[in-house]
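Sequences and hints are given; from them, build the entire structure.
Heads up: the sequence lines are chains A and B, in that order. Numbers 1 to 217, taken from the UniProt record's numbering, label the letters of the first sequence in order. Numbers 1 to 510, taken from the UniProt record's numbering, label the letters of the second sequence in order.
Just so you know, the hints here were simulated from the structure itself, not pulled from any lab data. Errors might be hidden in some of the hints.
Lysine to aspartate or glutamate pairs mimicking DMTMM-like chemistry, simulated, CA-CA at most 20 Å apart [to be verified]: (1) B:LYS310 x A:ASP128; (2) A:LYS184 x B:ASP198; (3) B:LYS184 x B:GLU194.
The structure presented is a predicted model; accordingly, all values stated were derived computationally and were not measured.
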Amino acid sequence: MAAGGTGGRTYSFKVVLLGEGCVGKTSLVLRYCENKFNDKHITTLQASFLTKKLNITGKRVNLAIWDTAGQERFHALGPIYYRDSNGAVLVYDITDEDSFQKVKNWVKELRKMLGNEICLCIVGNKIDLDKDRHVSVEEAESYAESVGAKHYHSSAKLNKGIEELFLDLCKRMMETAQAEERLKGNGASQSASSRRGVQIVDDEPQATPAGGCCSSG
Amino acid sequence: MSQRTERRGGIHVDQSDLLCKKGCGYYGNAGWLGLCSKCWREDYQRVRQKQIQDDWALAEKLQREEEAAYASSHGAQTQSQSTAPQPHPGHASLGPFSKFEEKKTNEKTRKVTTVKKFFSPSSRTAPKKETPEGKTPSPSVSRRASFDTDQVTKDFADFLKNLHKPGREIQKQCRAFIVNMSGKKDLGADELSECVQDFYQNLADRLMGHFKGSSESVEQVMDQVEKYIMTRLYKSVFCPETTDDEKKDLATQNRIRALHWVTIEMLCVSMDEEIPEVSENVVKAITDVIEMDSKRVPRDKLGCITHCSKQIFSAIRTTKNEPASADDFLPALIYIVLKANPPRLQSNILYITRFCNPSRLMTGEDGYYFTNLCCAAAFIEKLDAQSLNLSPEEFERYMSGQASPRCNSSEGDWTRAEPPPAPVNPVLAQLNHNLEVLSGLSSRQETLMEAAQSLQADLLSWPGSVQREVDDVLAKYPLEVPSRTVSAIDDNDVDNDNLPPPLTPQVFAG
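Structure below.
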């Protein structure tokens with residue numbers, strides 16, 4: 001029945017990158033999308049909006065990663081950025097206690113404004129500087145768990161943990177999207193969900209084969 | 001004239017070739033397919049009128065089909081009007097007032113009324129009435145606009161021809177929708193937005209489900225649909241009169257004007273305008289963001305924003321030699337917006353938000369840049385001393401125009417090397433000159449005021465001094481009035497007592 005005989009659906013997700021300036025948001029996303037770090041040969045003109053195409057358990061995912069301005073004076077503009085996003089990557093610098101505090105503020109604000117619709121991922125960046133660590137692993141991980149977020153350690157410099165965190169985030173966003181769809185009784189009433197930004201392209205409105213990608217844990 | 005020059009050039013042109021093809025005896029013109037101006041106009045009007053009539057025939061047919069739905073929505077409309085009568089008179093009184101305020105309101109209302117006429121019931125029943133209006137020499141702006149609309153309609157039809165059956169369906173749906181929308185002029189902007197968005201959604205769903213289009217082709221079709229619909233609806237839904245969009249525009253415009261003193265350093269923008277390439281990029285970015293207002297289709301407006309952003313990115317890339325992050329981009333965009341003061345910024349933002357195809361706005365690259373523009377607008381609106389790293393006093397002084405950052409810095413550095421900037425910038429020189437004149441005037445006014453005050457004091461003290469003088473004089477020379485000695489001859493009884501009694505006459509016998 002499917003016209004193109006392709007996998008059937010394509011997910012489009014919007015992910016915002018939040019965090020103080022200088023925690024390495026841009027390096028993180030450049031490493032993820034271009035696999036480059038502090039490279040003079042980076043061809044992209046900008047690192048504020050990047051996309052990545054993924055294929056997770058046979059389903060196509062288009063990821064749009066929105067970088068946000070981290071300066072304190074732009075903090076109030078946050079809601080304009082994270083409106084309609086499916087996921088948020090909250091980055092802090094493990095050598096900077098303040099940046100972790102900022103992450104906590106962001107989490108509080110996101111949960112207040114968007115509830116549980118948004119998948120959160122807290123990332124402690126710069127683990128290559130572990131000797132200067134100022135945020136303890138236990139504290140960060142227990143905090144993440146308490147707010148229903150996943151915690152990851154990463155290093156854009158050493159290319160560690162980045163692939164994993166985005167993959168996990170995508171899987172969780174897919175689950176959320178599917179759950180939402182099931183709630184809506186899938187089919188004609190997709191208008192609300194697609195207005196929110198999740199464009200579900202489906203050839204045949206039928207029950208989703210659930211459980212294909214629930215590899216959390 | 002042209003005929004003569006052609007002969008001189010050695011090209012032989014037969015006289016009969018130059019005449020109107022209709023044989024009316026006048027000269028024809030290649031631009032008018034060899035007809036004279038009169039015959040061409042006749043022909044053109046006939047074709048145009050036929051097209052209009054066809055359009056209306058179709059529209060009427062569709063209207064009849066949808067009559068039930070239309071009537072019910074119309075009923076709901078009147079009901080909502082009757083339930084909330086207050087806002088209307090208020091708005092009506094506001095309308096003419098804002099007309100005085102800005103010329104463009106005037107222009108806009110005129111446009112809207114012509115569109116209304118076009119769709120009004122009278123012209124629907126008698127489409128012939130349309131022709132004299134078409135003939136009247138309309139201002140070039142609206143003529144160009146209608147030309148654009150015609151062009152878009154034609155392009156759209158051409159595009160749909162390739163789609164065969166779905167194409168006809170799409171065309172039918174779009175026309176019906178536009179006719180339907182024309183009956184909903186009085187709805188608020190949000191309702192209009194809702195209608196358009198629902199239409200996008202339904203059509204996309206239908207294309208996807210019914211015609212089994214791939215997502216790319218559906219997207220392509222939806223782009224064309226958006227272009228067609230929004231070009232047709234633009235006049236009635238851009239900055240509609242039911243909203244206060246225009247007031248917001250004016251507020252933003254004034255706000256940006258008031259912030260003219262904000263420098264690139266205050267915003268911490270990582271663009272070095274000393275580099276010629278960068279300053280070129282900045283100029284182009286400013287042009288792009290200003291150009292946005294001239295586009296009608298939301299997607300084209302987004303395109304302008306994207307172009308502007310790309311220019312900013314290359315400026316940052318040239319300056320910093322690394323890809324621009326959002327930390328660099330947003331301040332730069334704010335700076336560009338402040339410098340450009342794009343016309344009708346708020347209206348444009350709201351128009352895009354309301355009528356752009358949502359799939360593009362939410363996740364696409366264009367959407368990202370648009371979001372940043374929204375952020376820039378919000379930042380400018382809320383901008384305070386803290387967001388520029390200034391003290392509140394400094395901010396106040398700059399805002400009130402008492403000081404400007406450059407003049408302020410010159411207070412300290414005046415002795416060192418300040419004279420150069422004056423000749424560099426003629427506007428600044430003029431400004432300084434004006435400031436001098438103003439300060440001269442103010443000092444003169446002050447002396448005048450002082451003189452006036454002393455005069456007043458003099459006037460107040462004068463009666464007192466006069467009084468004192470008079471008193472002094474009175475004290476020095478007291479008025480000695482000698483006591484009056486009243487001499488009455490007969491009234492004095494006092495002396496009478498001393499007098500011997502009057503002699504009594506004695507009678508002597510003799």
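Structure-inconsistent hints, enumerated in ascending order: 1
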